[in-house]
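**Student:** Each protein sequence line maps, in turn, to chains V and F. For the first sequence, position 49 matches number 49 in our numbering, and the numbering has no gaps at all. For the second sequence, position 111 matches number 111 in our numbering, and the numbering has no gaps at all.
Quick caveat, the hints were computed from the structure, so don't treat them as lab data. We treat Cβ as the ideally placed atom computed from N, Cα and C, and that holds for glycine. Hints should not be assumed to be uniformly reliable.
Claimed, not checked - List of simulated lysine-lysine pairs, DSS-like, C-alpha gap at most 27 Å:
id, chain 1, residue 1, chain 2, residue 2
1, F, Lys14, V, Lys96
2, F, Lys20, V, Lys70
3, F, Lys20, V, Lys96
Claimed, not checked - Taking CB as the label site, the calculated pair distances span:
id, chain 1, residue 1, chain 2, residue 2, range
4, F, Ser73, V, Met55, 14 to 24 Å
5, V, Ser93, F, Lys66, 20 to 30 Å
6, F, Thr80, V, Ser93, 20 to 30 Å
7, F, Arg10, V, Phe9, 26 to 36 Å
Chain by chain, the residues:
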Amino acid sequence: GEDVEQSLFLSVREGDSSVINCTYTDSSSTYLYWYKQEPGAGLQLLTYIFSNMDMKQDQRLTVLLNKKDKHLSLRIADTQTGDSAIYFCAEDSSYKLIFGSGTRLLVRP
Amino acid sequence: GAVVSQHPSRVICKSGTSVKIECRSLDFQATTMFWYRQFPKQSLMLMATSNEGSKATYEQGVEKDKFLINHASLTLSTLTVTSAHPEDSSFYICSARGTITYNEQFFGPGTRLTVL
């Protein structure tokens, strides 16, 4: 079945790196995504990775994909207080997005 | 960039009334729009997928007679919650996919519905 899992909570100190992990189930997913949601707002696409890649870097963001283990991670370098939000990974499955449960990132000053 | 708007952003209604939420793609044509529901501190649950000019496809467990979806044009989809009850209170988010990039969905800011 479709089930995307994430840890619920992560707390880091400002300036440190944050790593948010995700496991997905659909090996046929073409793209995997990371979205950010701030309180009371919609979702903002942060980055995505094509399934035939194993790494993608975009400024402070690094996405790692391990297709064998169906594991996806998002690393945020030099985490800032403005990065505090909920982060969702998502896989595309049959042209629908299946979202993980979301990881709440708290950045401590 | 692609912008999706939702209206209203917040709505409070009495139990038994109907509420309509609009989702618009402002600078692109949305061939497909998606409606999600999000409970507090939970993930997004896909309710239905609508393609312009055709009937929406509802996910399992979503009552199509209660959540009416209309996608009459390439820039507008509406979700009507009929005979709303307190358990329908939730955050409703739409997204649109269209002619810009096939795979990317652009999300609206969400509508907070509270049914008293």
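**Student:** For each hint, tell me whether it holds in the structure or not.
**Tutor:** Outcome of the hint check:
1. F:Lys14 x V:Lys96: violated, 33 Å
2. F:Lys20 x V:Lys70: violated, 39 Å
3. F:Lys20 x V:Lys96: holds, 24 Å
4. F:Ser73 x V:Met55: 14 to 24 Å: violated, 41 Å
5. V:Ser93 x F:Lys66: 20 to 30 Å: About 25 Å separates the Cβ atoms of Ser93 (chain V) and Lys66 (chain F), which means 20 to 30 Å holds.
6. F:Thr80 x V:Ser93: 20 to 30 Å: holds, 28 Å
7. F:Arg10 x V:Phe9: 26 to 36 Å: With a Cβ separation near 27 Å, Arg10 (chain F) and Phe9 (chain V) satisfy 26 to 36 Å, so the hint holds.
Hints 1, 2, 4 from the earlier list are contradicted by this structure; the remaining hints agree with it.
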